[in-house]
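Visitor: Chains as they are written, first to last, in the working numbering: chain A, 3 to 373; chain C, 3 to 373.
These are calculated hints, taken from the structure and not from any lab test.
Note that the structure is predicted; figures quoted are calculated from it, not measured.
Hints are supplied without guarantee of correctness; some may be wrong.
Same chains, same names: a pair is fine if it fits in one copy or spans any two.
What the hints assert, rightly or not - Here are the simulated DSSO-like pairs of lysine-lysine, each with C-alpha atoms no more than 30 angstroms apart in a straight line:
no., residue 1, residue 2
1, Lys115, Lys99
2, Lys44, Lys233
3, Lys162, Lys334
4, Lys88, Lys20
5, Lys155, Lys115
6, Lys233, Lys115
7, Lys271, Lys218
8, Lys345, Lys275
9, Lys334, Lys345
Protein chains: 2
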Amino acid sequence: MAANTILLDFSVEPAAVKNDNQMQVVATNIENVLKDYLTSLKQVQGLPFQGGLLRLYTADPGVTVFIRIYGNGLITINMEYFKGDKDNPLLTFELIKVLEQKLQVQLASFRSKMFPPIKRGGLLDVYLSSSDERLLEYDIDKVLFEETSPYQKVQIVHSKSLGNILVLDDLQNIGESDLIYTETLMARGKENYKDKEIVILGGGDGALLYELLKEKPKEVVMLEIDEMVMKACAKYMRSICGDVLDKYEGPNYKIIVGDCMKSLEEFTKEGRKFDYIFGDLTDVPISQKHSGQLWTFYQKVLQMCFKLLRPDGKFMTHVNGICSSESVDMFKSQLDNIEPPVKFTTSRAFVPSFMEDWIFCQVFFDGNKKE
Amino acid sequence: MAANTILLDFSVEPAAVKNDNQMQVVATNIENVLKDYLTSLKQVQGLPFQGGLLRLYTADPGVTVFIRIYGNGLITINMEYFKGDKDNPLLTFELIKVLEQKLQVQLASFRSKMFPPIKRGGLLDVYLSSSDERLLEYDIDKVLFEETSPYQKVQIVHSKSLGNILVLDDLQNIGESDLIYTETLMARGKENYKDKEIVILGGGDGALLYELLKEKPKEVVMLEIDEMVMKACAKYMRSICGDVLDKYEGPNYKIIVGDCMKSLEEFTKEGRKFDYIFGDLTDVPISQKHSGQLWTFYQKVLQMCFKLLRPDGKFMTHVNGICSSESVDMFKSQLDNIEPPVKFTTSRAFVPSFMEDWIFCQVFFDGNKKE
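Model the full assembly from the supplied sequences, consistent with the hints where possible.
Guide: Structure below.
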């Protein structure tokens, strides 16, 4: 049950639309093709605009058609109608394809494009974005969990291809298909966690804790602020977190629910030292300009972490999608301010539920050789 | 350089839009919010439609805004303007987000959605669809090859996350990131190809041939009709096909350029037998209804293949995306008609460049036990 927005566009030679007269002919040609597919097609507006032409139509049942001709030869057609759950689509994918082909011939267009109908206002939101704001339509067929915590909107949705996915504030966080994410974050096979002391900042989905515990560390302390995330994952994401979120303490791990800064300060006072600290908080902010405060917070966290690390310790973190290069560069430049000086290596992996390559970073004190 | 279509939608209580008067107020509220972001916003049409309301606006520079209020409480807003390559976006992603939030408050909306601007008519087409017609925006930044052969449109594009991707008639075929596709198709590790005689139907990208040759078969004969695909892949997809497409004959392989049916008929006449036949032709048709002819062709090919297979031979093929269940079921039902009777196993894998799980099928003569 959703409004369906059908987008079609065509490119014609600018010479074919160089005056109002020609544009009227083009628009009427489009109208004539559409007439065969839409009942009672009726023009309700038409006016020249910015060297181009606009026309608005209505048709049965409840269809609107907006045609815009740009002076440079681009023609966009936007159709919209409401489709109930039990209604057949007014125009199927195959029929829109036919319409595209007929219009392409009619307009002598050298380039055309049809988009699958965009579904709007339905019960299920199947559209998420990549880190660089690309539109991705997922095969999501169920919402398993949806509540708003004091910190964020927490959802667990089911995708036919990807299994369950944790979505925080409309951002894909981790999916059942994403073992590669956790393994790249921890550089499995390259780092040795046996008998090590480890801190996880964030990590509420439990996947990192679960995988680290398999490597027999001395102790892992996880600092997560949002209990709702952990409760939801313990129930719906067991394939990635096992039973580690069922209780907040085990033989060699502890989960502290609260602000990680507070715990880091306490560790500092107690003079504790760690071999690994993982940054598994929310995404690194997109850019300095838009998220100055977040960067300031991040910088503070980083500085504290390096005070808590042993000389051969490492700070391991995810950064962002490879297409968000501004954010990746910003993260790297943050490392310049760390005292004592640090170096880093990076790794990358395609994360299925993100549908893009993600960058991970391993930071260590300068003077300690890169692995 | 493309038209940007910005889609926003909101859900309000139906009681808030139950008559024309209320709807006019809602539309004017929207107008008042938009005024702060768009210069010279001017209404050029407004009319009741199907128990709802339509309004069309223009604004500077070259912006159109179409507002539609549905009687059930759904409100859609479609904005469109042309953005040159060097122009800053009129509304950035962050600004659209702000606009969404302001409108949500203004409309007392309980659900809202913003889409990243949809780019139309640009030089680069970054939108592809999944097997079940979901819209996917790729991080494609270059077209490396584009020509039309007698059989199809052949493109090789570059994606920042996925490397080079072969696109045939606007369908993703294989990417440099998709070794998993070839390995699942051939059931690597489960099947033994050493000293075996093998036919590949299609396979023009060369990946299957390349991987099979690593397993020391006696001979692989590949039957591909489209030379342009092979030439393009030999140049731009070398990481998946190595040098196997550089010449059409090697110590233990041969590529026959032409209609696979003809070759299969010749093999039959010659009384040749094979251990494995791979179906690596274009996708299995979507449904009986829309692609009857294709199914008839497919059925014919299948029947011939099973005549050419040794008693312990296998027919191995990709089928379709898991969301295209109609197509997968149709394929399975095709197997019922094969003489002598056959059985099958299936496997599935997430194929990065398809951004979905894909089904693969291994068919063998009934009586031979499943591996």
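Visitor: Hint by hint, say whether it matches the structure.
Guide: The hints, checked one at a time:
1. Lys115 with Lys99: Answer is both; intra-copy 9 angstroms and inter-copy 27 angstroms each pass.
2. Lys44 with Lys233: neither (55 angstroms within a copy, 50 angstroms between copies)
3. Lys162 with Lys334: between (36 angstroms within a copy, 20 angstroms between copies)
4. Lys88 with Lys20: between (45 angstroms within a copy, 24 angstroms between copies)
5. Lys155 with Lys115: Result: close only across copies, 14 angstroms inter versus 35 angstroms intra.
6. Lys233 with Lys115: between (44 angstroms within a copy, 27 angstroms between copies)
7. Lys271 with Lys218: within (27 angstroms within a copy, 64 angstroms between copies)
8. Lys345 with Lys275: within (19 angstroms within a copy, 60 angstroms between copies)
9. Lys334 with Lys345: within (10 angstroms within a copy, 55 angstroms between copies)
Violated hints amount to a single one, hint 2; each of the other numbered hints is respected by the structure.
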